[in-house]
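Asks: Please put together the full structure from these sequences, using the hints given.
Residues per chain are reported as follows:
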Amino acid sequence: MLDLTVNRDSKPPLYRQIAEQIKTQISNGRLPANSRLPTVRGLAHSLGVTRLTVQNAYAELQADGWVEATVGRGTFVSTAVQQMSLQPTVGQYLTPDSAINDMLAINQVIGVRSMAMAHADPSLFPLDAFWQQMDQLRPEASQLFSYGPIQGDAALRVAIAQMLHEDGIAAAPDDILITSGAMQSISLAAQAVCQPGDAVLVEQPTFLGVLNVLKAQGLRPLHLPIQPHGPDLAQMAQLIQTHRPRCFYTVPNYHNPTGYTASAAKRQAILQLAQQHNLLIIEDDIYGKLGFAGPPPPSYKQQDADDRVLYLSSFSKMLMPGLRVGYLLMPPAWRDQLLTLRRATDLCGTGLLQRALAHFLQEGGLKKHLRRALPVYQERRDALLNSLRRWMPTAVRWSEPQGGFSCWVSLPRCAPPGLLYHQALQNGFAFTPGEAYLLDDDGREYLRLCFGNLGTDGIEAGVKLLGTLIQQQLTNAPSPGDWLPYV
Amino acid sequence: MDTAVLAHHAAHPLSKLFYALPNFQNPSGITYSLATRQAVSQILADNQTFLIEDDPYRELRFLGDDLPPIASFNRERAFLLGSFSKIVAPGFRMGWICAPAPLMDKLVTAKQGTDLHSNYVSQLIIHRYLQDNDLDGHIATIRAAYKQQRETMIGMIEECFPPEVAYTLPEGGMFLWISLPPQLSAMALFEVAAKENVVFVPGAPFHVDGTGQNTMRLSFSNTAPEQIEVGMARLATAIKQMMVTR
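First to last, the protein sequences are chains A and B.
Residues 126 to 612 in my numbering are what the first sequence spells out, letter by letter.
Residues -6 to 239 in my numbering are what the second sequence spells out, letter by letter.
Hints may contain errors.
Stated by the list, open to error - Derived DEER-like restraints, expressed as beta-carbon distance ranges:
#	chain 1	residue 1	chain 2	residue 2	range
1	A	Q462	B	A94	52 to 60 Å
2	A	T519	B	L10	53 to 61 Å
3	A	Q428	B	S8	33 to 41 Å
4	A	A430	B	A217	49 to 57 Å
5	B	Q220	A	Q428	48 to 56 Å
Hint data in this document are derived by calculation from the structure and do not stem from the laboratory.
The C-beta atom is built at its ideal place from N, Cα and C for all residues, glycine as well.
Replies: Have a look at this one:
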């Protein structure tokens, strides 16, 4: 009944493989809600594994809400599993605003295999180590539950300054503003340095959140197409000269959504261009520590001779997003304004989590976590690239990310926008459609596939499904004369 | 409040929204009467003006009866704000906005553009706290403490402050509002009082038009009654000194 295989040579433990495959079958409808899973004994026998292995698999499925076990009756696919057709609002609007809403909503739905969100894998979170730190803070609770300093917990700023120092950025703890994540850092930075109506140069495509920020603050995005090693400098210079943007927002390392990393040479050239034209740079290094093959090229901030770089990062991708802790390096010129803006936004951050994080960092918790997590992400990246090579028609192209969570896929446009996205959702598989990124029409359809939060089996199954859907689309493509462009 | 002034401002074409704190207002300690709430709601409706009703102190009522939020008279353009900062603890940075569905959609998008979402750990902690504990009991405790502190402070004003000093009688909350004789400066008083280790918040920064130089906010929530007595006595001395030298 259950078409499962286990591979003893593969890295993920057997129970994890079994759980992943069952999740795939639940999400693509082969195992509908309420259907009964095999008995532990029966499945163990048919797969040639121990009962404990199957028990662990079922335990994980239960913990994640996919199945419910009743003593004496058996294990059943949970009624909470929702077909995407019951979520009419998801995928309804393909705009940056709603795309993030969709992603956050899909993340909560059981039954969808999602490659839609550039999210770390919660099963890798160092929960015990972090919780221990929180437990030990009981004596300081009175202080931590009161209003805290606007700039953020001092111990955390010291720990972050130490981290930055190791990455070659000379920052004093007092230069650091703790924020509630990169999103807030970007929002505050834009508010501080820009006036409504200012133009902001952004990569195309770019992090969806920054498009939301620009819209909310009345700032005009100037789109600079991104290339594998950095933007076209002539094009960049042209845009700067014509439109005089105030600043350039960039994600130079393991870019979201493309996975590209800007080369050292490009960064130097861009910095020169910025100096020439008095352009500020907002450097978002949120994926900086998630490289699979050693550290990335030197940051803009490292080479920032005249304080024109606002460097920001966060613990959301390299550790846990639920902490909502990010940091922004404040150049002296913007310091007072940034603090004032922070105070006017939400006063201060959550003391308990900041202090726990400070101690966690001091005890080497982040380094330990990355040593465990990075090989897993690398393996998933490899599984994704191998699956793409195996299952995608030849017309499909993709990036080869050296870190982070995002891979950028493209194919010739041959169907109405959103059709592939909806078809995949109906089959229980989610990705981020390129339409959300406000791309110029170049005749290709784009997809972001995130590999951080799905096991290798799920990735392979998802890419195989996508490959099938894409092949169908390419085969059925109407002739150019039939096709009305999306406006 | 003078609702005619509100009506005048609301009628201005650029007036988009009204921010109000109708229960034990920070900084004045004043509470809108039922009649005022209804009148405000009507004025805003007439002018299609949005309402941001900030209500963090609502539970901290000592005297009088609970009054309905202004938003309850007309939900359509109203945002009703609440917070755990004054009734549980401020360190979790947790509050809420109630708004009708069309406004909520825009709020969610706007919120997403500021920080994606509020800290989930804090939300879960507060949720568990509410589930497993008697919040009403806790509020009753702090309410009783604040009430006693309020009484001590008002008692000291009546006993030691010059009669020329006006003050509000808050029905709840954490603050009361002092108006010194018009020619006196609360900032100048601040300098004098600070030397005697008594501090308060001068009222001028709470005004948008540069007025209120003679006003000040006294908070009674954060100080024990014995401390309040000592502090108010020193403040009274400082005020009398200033009045004599003018």
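Asks: A separate judgement is required for each hint: does it hold in the structure or not?
Replies: These are the hints, each one checked on the structure:
1. Q462/A to A94/B: 52 to 60 Å: violated, 36 Å
2. T519/A to L10/B: 53 to 61 Å: Check passed, 57 Å falls within 53 to 61 Å.
3. Q428/A to S8/B: 33 to 41 Å: violated, 49 Å
4. A430/A to A217/B: 49 to 57 Å: Between A430/A and A217/B, where Cβ atoms are some 55 Å apart, the hint holds.
5. Q220/B to Q428/A: 48 to 56 Å: For Q428/A against Q220/B, whose Cβ atoms are near 55 Å apart, the range 48 to 56 Å holds.
Checked against the numbered hints given earlier, the structure breaks hints 1 and 3 and satisfies all the rest.
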